[in-house]
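J.: Each chain, letter by letter, is given below.
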Amino acid sequence: MTRTLLRSATVGLGVALAISAGSSASVAETALKNRSIGYVMYHENRSIYETPEKKECPNGFNTGPSEQIPLWTPGGNKTVLGTQLDYEGEVLFPGTSEDRFPFNYVTGNVGLGLNLDGKVGPNDFTSPDGERGIDNQFYRVMGCVYNYRHDGNTSINFPRWRSQFPYNVYVIELTDVDSLANDPDVTVTTYRGTDNLLTDATGMGYLPGGSQTIDMRWGKKFIQKFRGKIVDGMLTTEAKDLIVPTGSYFTARDGIPDILYRDMRFSLKVNETDAVGYMGGYVDVENWIIHSYKTRSTPLQIYGQSLLPSIYRAMRKMADGHPDPETGANTTLSTALDVKFKQVFVKHPDDAVASAGTNASTTLASAGN
Amino acid sequence: MRVFLSAAFTPIVMAVLACGSAQAQSARQTPVDAFIPEPMPPSVRVVQTELDGPLFADAAGKVFYIWPAKGQRVGRTGDEMGKAPNCEDTVIKVSAGTMPPYPAGLELPEADTRPACTQVWPPFLAANDSKPVGQWNIVSRANGSKQWTYEGYPVYTSALDREAAAPVGSARIRAKGDSGNLREPIGPLADVPAQFVVVSSQTGRFLARVDGPVVYTSDKDAPNKSNCDKACLGEWQPVLAAMAAPQSRGEWGVIERSPGVRQWTFRKMPVYTRIADSVDDKYRPHGFDGSDKPGWHIAYVRLGPNIPKGFSIQDTTRGQVVADPQGRTVYTHACIDDAADMQPCDHPNQTQAYRYAVCGHSDPVRCVKNFPYVIAEKGAKSDNKTWSVVSIDPASGKFAAPGQAGALNVWAFRDRPIYTFIRDKAPGDLEGDAWGEMNGFRNGFHAIWMRDQFGLFNEETRRDQ
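Going down the list, the protein sequences come from chains A and B.
Anchor point for the first sequence: position 329 equals 329 in this note's numbering, and the numbering is continuous, going up by one each time.
Anchor point for the second sequence: position 267 equals 267 in this note's numbering, and the numbering is continuous, going up by one each time.
Here chain A stands alone, though its shape is the one from the complex (with noise of 0.2 Å):
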């Protein structure tokens, strides 16, 4: 019965604010049902560690197109093949020749995330915490380009793509859970979920309690199972590669820019309402720069002053995983994702109105034939 009332209060902001006064309470009491639980991801941004004097960027930040691509012909090429065409095809294909230009990474070893390797490492950082060993190379290119810091124009942005845009719906379902609190063997699956998520009053907080129907149709590619353990609330689980969805309001319409992260894994605090922690893994260089420009073509990377063929020689400079198996080149860079998610009730599409979604789309596209 409050599952039904939770749902309901999808349909009316009215009813979402009379229930979300009490509603913790009562999720509390219901959302662990058949040994499963769901959350969908409300929050997602990099796990970048700042000091207020900027000290992790001795050097200053970066500078980005507007300040770079006057100088990018010595010569003084007057061309748009020269300039423009000559950028635009540098970012699509980087080269690995070293950097025309000097780049600002992160000293220090200071930073946030996860032990990946479950090694101390003279690269790794350490947490403001004490805890060492942490694997997060990607905050060490990225943590003096302004776009990536909290105030840019990326970090911004990303939380609200990933709870705004329905192309990002993110859900995790726990399954197999006994407890919330401990329990040693539980199942994690990724999907992306097809429901807009269930907000305050404000329309920028996000409530537990709302439901989300998983995506068999077109999401098939993000699905992954992932075993994992809760110790006192903590939930860890293996590391496997994973695509997430990951569009913008500019690729609403325009791309689709996943992103592919090898051995990932999550390291969440759970509880009836709340999943809040990291996820950590490898971003794949080449996905990433891609992904980076797809999201943000040129004229937008100049906000966050990001100069991609520098960003893509940094990484591939600094990248710390999964050597190429030809060249022993490393592909890969450590990276951790800040994260937040909030229960929902799953709903799962049922064996009839797949096949029924899967029939029709042949009739569909059989209009073009």
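Hints were generated in silico from the structure; no laboratory data involved.
Please read all numbers here as calculations on a predicted model, not as lab measurements.
Do not take every clue at face value.
[Said to hold, decoys possible] Residues from chain B that face chain A, not an exhaustive set, calculated with beta carbons under 8 Å:
| hint | residue |
| --- | --- |
| 1 | Met99 |
| 2 | Leu106 |
| 3 | Lys378 |
| 4 | Ser382 |
| 5 | Met438 |
| 6 | Asn439 |
[What the hints assert, rightly or not] Simulated crosslink set (DMTMM-like; lysine to aspartate or glutamate; CA at most 25 Å straight-line):
| hint | chain 1 | residue 1 | chain 2 | residue 2 |
| --- | --- | --- | --- | --- |
| 7 | A | Lys220 | B | Asp292 |
| 8 | A | Lys78 | B | Asp424 |
| 9 | B | Lys93 | B | Glu107 |
| 10 | A | Lys347 | B | Glu107 |
| 11 | A | Lys317 | A | Asp99 |
| 12 | A | Lys240 | B | Glu107 |
| 13 | A | Lys340 | A | Asp117 |
| 14 | B | Lys293 | B | Asp383 |
Positions of the beta carbon are idealized from the N, C-alpha and C atoms, including for glycine.
Please build the complex by placing chain B on the supplied structure of chain A, with the hints as guidance.
T.: Below, chain B alone, put in the same frame as chain A:
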């Protein structure tokens, strides 16, 4: 005025008829867009086009375009309403700097052979004794000649249009804010009640409610009779007609569901929207999800052209795209240059410098390797004007001369070659989509979308009412 089904469309209709669709039966009877006739200059006529619906054209069937001024990221291009045309006879050789951070004044590719705006977009000239009629008026060009205008904008044809009723100079299903300022084909208003619009898509031109949701019909209904019961009404919403609506108008009619409750019919079939299609969802205003429900069909005014034989439609994470006979997603290249007259740069008759930049870092050999042409089998041909087989010189990327050695016969969409992408490994892969400048819209590649789950039809598609 009604134009009946062309032979090219017969296979589509027959295929759908085989499914027993009542909607398709009515589509067969009146398979093209109805429009509201309006006063026109004597040499203007209306032609039915495969993807863009009814358009104005000259006596030879060449479609007319306008170029309304629009703001760019920097500056503004196009014709201002009621003002003299900005598409002129002079050749522009440097960039306008509309797309930061690239400055104005850069020499354009192949500047020495770049045509004047009017060579690409010939003005639709008016005789000295021509008189304004309806929305058509006359403006003086800088050289003293007279040019027709429509709704205040100077009218042009396109030098790229090689066939009657086949507008390839520009299309309604391509535009987006950062595409540059595309020319727009112009046509009469669709003959639909005020609650409806006609939306162009690759699958055809379909009806939507003016506030967004797609319009459907049901196999359970009979002509002029709704069988949508209480359970049905929980998911589907009849599109109701006002009491003042006429009982019948052209292809449109009204039935009375219950006393005083009147529902629109299109080609005799009652029409509905899907309740789950939100009117305020800006990302999915024209979702096709209702067509996944058995027995329910999108209300097409006309179906789109056949894709080439052997091609297929593939599911992706975002919808459905056209794929070649090997199941690989196919892409088109779209490009508008950065000159003040914003000429297209995506056609084999034009410079290939822009395409080469984004498909191979300006290396034509690398380009062909990354984005190979889709080779047409010997004797392959299309049954419509949207798809065709063209002969390409792979060394230059331009149309080959007749009988030219080494020329390739390749498939083309709207007279432009299509490509696959080397990074696509499996059916449904889309790595080449949005590849290029401004998400591929200004100069880049896009898949050919048959169904987009996340808003393709939002801003790109002009809706006719």
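J.: Take the hints in turn and mark each one as holding or not.
T.: Hints, verified against the model:
1. Met99: holds (6 Å)
2. Leu106: Given a least distance of 5 Å, the restraint on B:Leu106 holds.
3. Lys378: For B:Lys378, the interface hint is violated, since the closest Cβ of chain A sits about 22 Å away, which is over 8 Å.
4. Ser382: Where the cut-off is 8 Å and the nearest Cβ of chain A is about 12 Å from B:Ser382, the hint is violated.
5. Met438: Where the cut-off is 8 Å and the nearest Cβ of chain A is about 5 Å from B:Met438, the hint holds.
6. Asn439: holds (4 Å)
7. A:Lys220 <-> B:Asp292: holds (17 Å)
8. A:Lys78 <-> B:Asp424: Distance of about 36 Å is beyond 25 Å: violated.
9. B:Lys93 <-> B:Glu107: At roughly 6 Å apart (the allowed maximum being 25 Å), B:Glu107 and B:Lys93 satisfy the hint.
10. A:Lys347 <-> B:Glu107: violated (58 Å)
11. A:Lys317 <-> A:Asp99: Holds, because 11 Å separates the two Cα atoms, which is no more than 25 Å.
12. A:Lys240 <-> B:Glu107: It is violated: about 50 Å lies between the C-alpha atoms, which goes past 25 Å.
13. A:Lys340 <-> A:Asp117: holds (24 Å)
14. B:Lys293 <-> B:Asp383: Measuring from Cα to Cα gives roughly 30 Å; hence the hint is violated.
When the structure is compared with the earlier hints, violations turn up for hints 3, 4, 8, 10, 12, 14 and for no others.
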